[in-house]
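Colleague: Each chain, letter by letter, is given below.
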Amino acid sequence: MTRRLVYLSLTAVVFFSAFPLYFSVVVASSDTSALSDARLLPGAHLWDNVVRVFDTVPFGTAMLNSVLVSLSITASVVLFSTLAGFAFARLRFRGRTAFLVFIVGTMMVPTQLGIIPLYILMAKIEWTDSLRAVVVPALVNAFGVFFMTQYLSEALPKELLEAGRMDGCSTQRLFWHVVLPVARPAASVLGMLTFLAAWNDYFWPLVVLSSPENHTVQVTLSQLRSGYVTDYALSLTGTVLATLPLLVVFGLLGKQIIGGIMQGAVKG
Amino acid sequence: MSDRLYRWDLRASPYLYIAPFFVLFAAFGVFPLLYTAWVSLHDWTLLSDEHPFVGVANYRELFGDPYFWNALGNTLSILVLSTVPQLLFALLLAHLLNRPLRGQTFFRLGLLLPNVTSVVAVAVIFSQLFGRDFGLINAILESLGAGRIDWQNGTASSHVAIATMIIWQWTGYNSLIYLAAMKAVPRDLYESATLDGATGLQQLTRITIPMIRPTIIFTVVVSTIYGLQVFAQPQLFGGGGPTGITGGNDRQFQTLSLYLYEHAFTNGFQFGYASATAWVMFAVIVLGAGLNYLFVRKIRSTS
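Residue numbers (my numbering), protein chains in the order written: chain A, 84 to 351; chain B, 5 to 307.
It cannot be assumed that every hint is accurate.
Cross-link-like lysine to aspartate or glutamate pairs, in silico, DMTMM-like; alpha carbons within 20 angstroms at most [to be verified]:
#1 Lys207/A with Asp13/B
#2 Lys187/B with Glu237/A
#3 Lys338/A with Asp69/B
#4 Lys241/A with Asp53/B
#5 Lys241/A with Asp200/B
Some chain B residues well away from chain A (every beta-carbon gap over 12 angstroms; in silico) [said to hold, decoys possible]:
#6 Phe26
#7 Tyr39
#8 Pro56
#9 Gly59
#10 Val60
#11 Ala61
#12 Val88
#13 Gly151
#14 Thr159
#15 Pro214
#16 Val300
Rather than coming from a laboratory, the hints here were simulated on the basis of the structure. Just so you know, even glycine gets a beta-carbon here, dropped at the ideal spot from N, CA and C.
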């Protein structure tokens, strides 16, 4: 295969990756009646559609809910995964291997299957229809612990910890002053991946949140889509708005995200 | 004093550090899964306080329901249509990227872009593209002289549309994972193969694929697990409302997840019945992932 052909095919694939997103901007900026002629250039109605989205559903509240949910989940997952990863990678304790095997094993179990008892549980403690119900079950995940364990087993020099011990550091001080700085690159990648996943989560928020003012942005998007006649300009404007923050994050930190995915894959 | 404190610190700290994970995970991860099994043996609805034990009646009813078998068939069909092309395509893409190229970062970012997009956004966008009257894909088909297709209404066509969403979203992610594994393959293997006159395709099938076998197994198993749980794409493809939950008017694209959701949250909160569905789904996922694991393990190893 010639070089030129390689570049050509890769460019074509990138084009197809980006096109649906571009096309949603096209539809989002058109008026509904103009849809019949499949156009490919943005129109002038983006602002009207944005206003309509905010008039139809409580979109601002939904965005705020999603920000709150995603940030708290991210902070918690990163902290607890780093703590546990440190323990698994560098501390000696009874049952260490068994605990670790258990964590890796559960990574394969789909969370969707626990949804009904989780709902019963939430109904019992009267958390349904509140953001707590979305945040609390997601505060930890097995992937995060596994990811940080892998990273710290390689990146955290034993000598550094020993030196700290010699100086009389408690384990807690070691964690804050030695482990956390070393863990920062992996922690930021884990944070980004967690934020993306939390922002994009749909099934559980759809199940557990009923009032529109408690919806996360993905559930609100699905509300824009449902109805007897689909107003594509409206629903795709919502889609563009809800994807925009992620695209900004991706534009700024995309290289690191890719690095994290490739790193996780080599070791995983 | 400080000596005792020090020893206590050494002994207790590890458990303190893993405790938050295990406490939360036990409460919201493991307990629900086991509790599902218990609930599935009862006539359990949210509307009644009585939950009589019924044994395997829910499972018997489930296996007697043609709609369940329909959902299982649809799920498997969408799984095959999405996973096979997705992973083959990802392998080829990674193979193309695994050479000194300019603009690596640009290509990688472009490939990962769909993965950053939410499933809901993907489903909404592709539902528009696959629209019968105003969809871009039908407009292209028509200009090529082929007829319009009513994507939502047919079984095969709706499966293709849903599989396309999954392929679009996950191909780039998988190709990056393959690429990472390919980077670890020793270069001199390729050099001697090139000296022996092997083509690019021969190098891919004879060297690369056997060498990255563990990664291929990993992606196949993960995509199987993910593919068997498909929910948002068919639900939103069907309009998000009641027809979304049934997966079209004739249930032509109702998946197992939709079937579960239908019985748990729209048909009077039949939690017992839906829990039985969840456990059967779990069995299908374990079986599917296991079979695929055995199947892919057969890829010839060079060592």
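Colleague: Could you work out which earlier hints the structure fails to respect and list their numbers in ascending sequence?
Modeller: 1, 3, 4, 5, 6 and 7
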